[in-house]
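Peer 1: Same order as they appear, the protein sequences are chains A and B.
The first sequence: position 217 = 217 (the UniProt record's numbering), numbered continuously.
The second sequence: position 410 = 410 (the UniProt record's numbering), numbered continuously.
For the record, the hints were derived by calculation from the structure and aren't laboratory data.
A few of these clues could be false.
[As the list claims (entries may be wrong)] In silico BS3-like cross-links for lysine-lysine, where the CA-CA straight-line distance does not exceed 27 Å: (1) B:Lys234 to A:Lys65; (2) B:Lys439 to A:Lys274; (3) B:Lys234 to A:Lys47; (4) B:Lys411 to A:Lys184; (5) B:Lys201 to B:Lys234; (6) A:Lys47 to A:Lys146; (7) A:Lys44 to B:Lys67; (8) A:Lys148 to A:Lys274; (9) B:Lys67 to B:Lys49; (10) B:Lys142 to A:Lys67; (11) A:Lys184 to A:Lys239; (12) B:Lys307 to B:Lys142; (13) B:Lys49 to B:Lys74; (14) B:Lys439 to A:Lys184; (15) A:Lys148 to A:Lys197.
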Amino acid sequence: MTDQKLIELVTQAVLAQLAGQPPAAPAQQPSAEETEPLADITDKAHKMAINIEHPVNRDALEQMKTKTPARIGVGKAGPRLKTATMLTLRADHAIARDAVFRDVDEQVLSDLNLFSVQTLCTERNEHLTRPDLGRQFSPETINQLKSKCESAPTVQIYVCDGLSSQAVDANARDVLPALMDGLKGYGIQTGTPFFVKFGRVPAMDVISEALGAQVTCVLIGERPGLATADSMSAYIAYKAAVGMPEARRTVVSNIHKGGIPAVEAGAHIATVIKTMLERKASGVDLQM
Amino acid sequence: MNGVSILSVGIDIGTSTTSMVLSRIQMRNTASGFSVPQVCIVGSEIIYKSEIYTTPLVDGILIDTEKIRAILEKEYDKAGITPSMIQTGAVIITGESARKQNASLVTQTLSSFAGDFVVATAGPDLESVIAAKGAGAQQYSKEHSCVVANLDIGGGTTNIAVFHCGELCAKGCWDIGGRLVQVDRQKKVTYLSPRLPAIMKAAGVSLELGRTADWQELDRLCRVMAQVLEDTLKFTASKLCEEMRTAGSSRLTLSRPVEYITFSGGVADCVYSPQEDWFRFGDIGPILAHSIRESSLMRDYQVIPPKETIRATVVGAGSYTTSVSGSTITYTDESVFPVKNLPAFLLGRETEHQCLTGNDRNLREETEWFLEQNDCDNLLFCIQDIDSLSYRQLNLLADALCHTADSALGKEQTVMVLCRGDFAKALGQAMQRRLLDRKLVCIDSISVQFGDYIDIGRPLMNGMAVPVVVKTLLYG
Numbered sequence: 001m002t003d004q005k006l007i008e009l010v011t012q013a014v015l016a017q018l019a020g021q022p023p024a025a026p027a028q029q030p031s032a033e034e035t036e037p038l039a040d041i042t043d044k045a046h047k048m049a050i051n052i053e054h055p056v057n058r059d060a061l062e063q064m065k066t067k068t069p070a071r072i073g074v075g076k077a078g079p080r081l082k083t084a085t086m087l088t089l090r091a092d093h094a095i096a097r098d099a100v101f102r103d104v105d106e107q108v109l110s111d112l113n114l115f116s117v118q119t120l121c122t123e124r125n126e127h128l129t130r131p132d133l134g135r136q137f138s139p140e141t142i143n144q145l146k147s148k149c150e151s152a153p154t155v156q157i158y159v160c161d162g163l164s165s166q167a168v169d170a171n172a173r174d175v176l177p178a179l180m181d182g183l184k185g186y187g188i189q190t191g192t193p194f195f196v197k198f199g200r201v202p203a204m205d206v207i208s209e210a211l212g213a214q215v216t217c218v219l220i221g222e223r224p225g226l227a228t229a230d231s232m233s234a235y236i237a238y239k240a241a242v243g244m245p246e247a248r249r250t251v252v253s254n255i256h257k258g259g260i261p262a263v264e265a266g267a268h269i270a271t272v273i274k275t276m277l278e279r280k281a282s283g284v285d286l287q288m
Numbered sequence: 001m002n003g004v005s006i007l008s009v010g011i012d013i014g015t016s017t018t019s020m021v022l023s024r025i026q027m028r029n030t031a032s033g034f035s036v037p038q039v040c041i042v043g044s045e046i047i048y049k050s051e052i053y054t055t056p057l058v059d060g061i062l063i064d065t066e067k068i069r070a071i072l073e074k075e076y077d078k079a080g081i082t083p084s085m086i087q088t089g090a091v092i093i094t095g096e097s098a099r100k101q102n103a104s105l106v107t108q109t110l111s112s113f114a115g116d117f118v119v120a121t122a123g124p125d126l127e128s129v130i131a132a133k134g135a136g137a138q139q140y141s142k143e144h145s146c147v148v149a150n151l152d153i154g155g156g157t158t159n160i161a162v163f164h165c166g167e168l169c170a171k172g173c174w175d176i177g178g179r180l181v182q183v184d185r186q187k188k189v190t191y192l193s194p195r196l197p198a199i200m201k202a203a204g205v206s207l208e209l210g211r212t213a214d215w216q217e218l219d220r221l222c223r224v225m226a227q228v229l230e231d232t233l234k235f236t237a238s239k240l241c242e243e244m245r246t247a248g249s250s251r252l253t254l255s256r257p258v259e260y261i262t263f264s265g266g267v268a269d270c271v272y273s274p275q276e277d278w279f280r281f282g283d284i285g286p287i288l289a290h291s292i293r294e295s296s297l298m299r300d301y302q303v304i305p306p307k308e309t310i311r312a313t314v315v316g317a318g319s320y321t322t323s324v325s326g327s328t329i330t331y332t333d334e335s336v337f338p339v340k341n342l343p344a345f346l347l348g349r350e351t352e353h354q355c356l357t358g359n360d361r362n363l364r365e366e367t368e369w370f371l372e373q374n375d376c377d378n379l380l381f382c383i384q385d386i387d388s389l390s391y392r393q394l395n396l397l398a399d400a401l402c403h404t405a406d407s408a409l410g411k412e413q414t415v416m417v418l419c420r421g422d423f424a425k426a427l428g429q430a431m432q433r434r435l436l437d438r439k440l441v442c443i444d445s446i447s448v449q450f451g452d453y454i455d456i457g458r459p460l461m462n463g464m465a466v467p468v469v470v471k472t473l474l475y476g
């Protein structure tokens with residue numbers, strides 16, 4: 001057999017296999033790709049699949065996989081990940097990158113009636129490379145905040161893109177009203193909410209000082225990992241001030257579908273803020 | 001504020017024996033400081049085990065309430081506790097159904113000193129689950145990711161529960177036990193269970209009260225009983241298996257084969273360590289244990305030692321009946337707790353989703369119907385299908401529940417809601433805004449089924465969570 005012929009045979013066999021057909025059978029039926037939509041390799045069902053060929057205890061592996069989003073039980077090809085695992089990993093990474101580089105959906109902001117302000121960062125790359133600018137505002141922006149917002153509110157809440165615009169898109173519509181209504185139910189007054197673009201957490205200290213809020217709460221997109229890009233955090237501080245220790249911030253993290261559900265998070269944060277006002281403390285000073 | 005422990009009592013009044021245990025159930029907030037609190041039961045420790053008493057009976061059938069009370073008084077004294085110290089637990093009356101005729105009276109009498117939040121519980125299926133948990137079958141199946149069946153063989157019944165990786169997958173109860181026949185030292189028959197004739201027929205044996213039984217007869221009888229258990233576990237349910245199934249028990253249906261077996265109950269002690277004195281207990285327990293040792297149960301499965309044998313049920317009742325709600329919940333008034341014997345009203349998938357669209361007609365009609373059917377003043381709205389919802393849907397659900405509560409429940413009744421999904425705090429807050437001054441309890445992360453009753457204890461750990469007991473049956 002010549003090399004040329006061998007290559008031809010191998011190519012045929014590989015192509016046939018890729019199309020989901022046994023190598024020998026001629027392709028008469030339409031392939032799976034033509035009849036069914038492509039599977040989403042980042043969805044939960046796909047990730048739950050066990051790719052180890054002969055697990056000693058499949059039940060145990062399945063149990064373990066329900067406990068963690070980490071890529072366990074994926075098998076290997078020699079010293080490397082299998083192709084399917086590698087592709088899922090890259091797809092997850094792509095989702096994370098998109099979440100960082102995208103802007104928040106304007107529709108979400110208008111649904112929530114939020115006006116927008118921007119930190120000293122002028123564009124996305126600057127936001128990512130200059131954290132110092134992401135916690136400052138121009139004097140004009142500060143004036144704009146002062147003129148548009150109620151001054152000296154008991155609680156000032158705002159939304160911020162942080163490192164995941166997608167987290168804002170996914171959760172803000174449920175967290176913010178649940179939180180505002182929750183506080184209203186407790187008889188706690190809230191200021192005018194708004195949206196900050198290109199913001200970092202400590203921007204809340206500047207906002208707290210500018211508006212004279214007792215408690216400031218920012219709902220901000222968390223840096224996405226490879227498990228989810230939808231996760232939002234609430235950073236909350238009593239009388240936040242520029243230069244205060246980080247330990248004075250209380251955080252409620254992991255607000256997303258697989259973590260704490262958005263509406264429940266809103267209700268929980270309302271209780272946290274209520275306690276904060278009662279005890280006049282936040283962060284490590286506030287033992288819940 | 002990291003952990004608390006609550007004192008739990010378990011009282012088991014069985015066909016042949018009665019016992020009590022006290023345990024400390026430890027709860028801790030297992031969430032990190034950065035996330036929402038999550039109170040979990042992290043362990044339980046048995047701190048006192050009573051002696052094992054022969055269940056006192058009146059006329060050989062009914063439970064002697066007064067004597068039970070005297071036993072418990074004595075044991076509480078020995079343990080150095082008073083009823084007011086007990087925070088949770090369960091009284092369970094197991095075994096032959098005839099003995100349960102005065103069960104409700106027994107639990108009423110005991111309630112005064114079993115503590116504030118001790119539940120009376122019954123039902124053959126639940127007994128099976130409680131015994132298996134006490135025997136450690138659930139834990140073993142979870143830790144070893146395998147299928148474990150526990151056979152709790154007592155005086156009147158054998159309770160079977162099967163767990164796969166810690167999850168209950170089958171349960172049931174059969175009228176097979178060591179005291180279906182009782183004999184004296186001279187092998188004269190002193191008691192024959194009304195459930196025995198079917199077994200005698202299958203074994204080709206006929207025993208009579210007052211007549212002396214020979215060993216071979218009793219052995220044949222016990223072999224048939226062991227056969228029923230073998231067939232049941234192999235799901236080749238014979239006619240006799242079906243006939244001997246306890247009234248009100250489930251059939252054992254298994255989706256995967258049993259790998260390991262634990263035995264518990266009084267007869268288990270004789271299975272693990274054989275008795276040579278056949279008539280030591282005045283019954284056929286040791287002979288039944290012998291038949292089980294000879295049966296294929298010992299060959300076809302890997303038999304492992306249980307954590308408890310004769311005390312499995314009482315330990316299960318004391319340590320494994322209490323669960324804990326989610327840790328973001330709503331209640332308006334601590335004085336409404338403990339809540340006892342609240343019937344679970346399952347809205348059902350269709351009605352739940354109707355509520356999310358703002359349509360509450362079905363909910364109102366079904367609520368009124370449920371109250372009427374159960375002849376009760378209040379109920380627990382159970383939302384079991386909705387996993388997660390948007391804030392808009394949450395408000396519509398709150399509207400539906402509040403309208404229904406206003407129209408169907410008396411003004412003085414506390415509005416009680418339980419959801420499986422984690423949204424009770426948000427739903428509770430939304431309902432509170434609508435109900436204003438009315439009392440409200442809204443808890444989550446608990447699964448219930450049709451026909452369940454629920455008890456809710458006093459809030460724990462700064463009010464973060466409440467202990468919950470889900471039971472399947474009430475007496476009377």
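Peer 1: Does each hint hold? Answer for all of them.
Peer 2: Evaluated hints:
1. Restraint check for Lys234 (chain B) and Lys65 (chain A): not satisfied, since their Cα atoms lie roughly 30 Å apart, outside the 27 Å limit.
2. For a cut-off of 27 Å, the pair hint linking Lys439 (chain B) to Lys274 (chain A) stands: about 20 Å separates their Cα positions.
3. In summary, the hint linking Lys234 (chain B) to Lys47 (chain A) is not supported, as the alpha carbons are separated by about 35 Å, beyond the 27 Å threshold.
4. Taking the CA atoms of Lys411 (chain B) and Lys184 (chain A), the gap is about 25 Å. The hint holds against a cut of 27 Å.
5. A C-alpha spacing of about 23 Å is found between Lys201 (chain B) and Lys234 (chain B), which places the hinted pair at or below 27 Å, so the restraint holds.
6. Between the alpha carbons of Lys47 (chain A) and Lys146 (chain A) the distance comes to roughly 48 Å, so the proposed pair goes past 27 Å and is violated.
7. Restraint check for Lys44 (chain A) and Lys67 (chain B): not satisfied, since their Cα atoms lie roughly 58 Å apart, outside the 27 Å limit.
8. Between Lys148 (chain A) and Lys274 (chain A) the CA atoms are separated by roughly 25 Å; this keeps the pair inside 27 Å, and the hint holds.
9. Restraint check: the Cα-Cα separation between Lys67 (chain B) and Lys49 (chain B) comes to about 19 Å, which is no more than 27 Å; the hinted pair holds.
10. Under the criterion of a C-alpha separation no larger than 27 Å, the hint pairing Lys142 (chain B) with Lys67 (chain A) is consistent with the structure, at around 13 Å.
11. As the CA atoms of Lys184 (chain A) and Lys239 (chain A) are separated by approximately 20 Å, the hinted pair is consistent with the 27 Å bound.
12. Distance check on the hinted pair: Lys307 (chain B) and Lys142 (chain B) sit about 15 Å apart at the alpha-carbon level, within 27 Å; holds.
13. Taking the CA atoms of Lys49 (chain B) and Lys74 (chain B), the gap is about 13 Å. The hint holds against a cut of 27 Å.
14. Restraint check for Lys439 (chain B) and Lys184 (chain A): the C-alpha separation of about 19 Å stays at or below 27 Å, so the hint holds.
15. For a cut-off of 27 Å, the pair hint linking Lys148 (chain A) to Lys197 (chain A) stands: about 17 Å separates their Cα positions.
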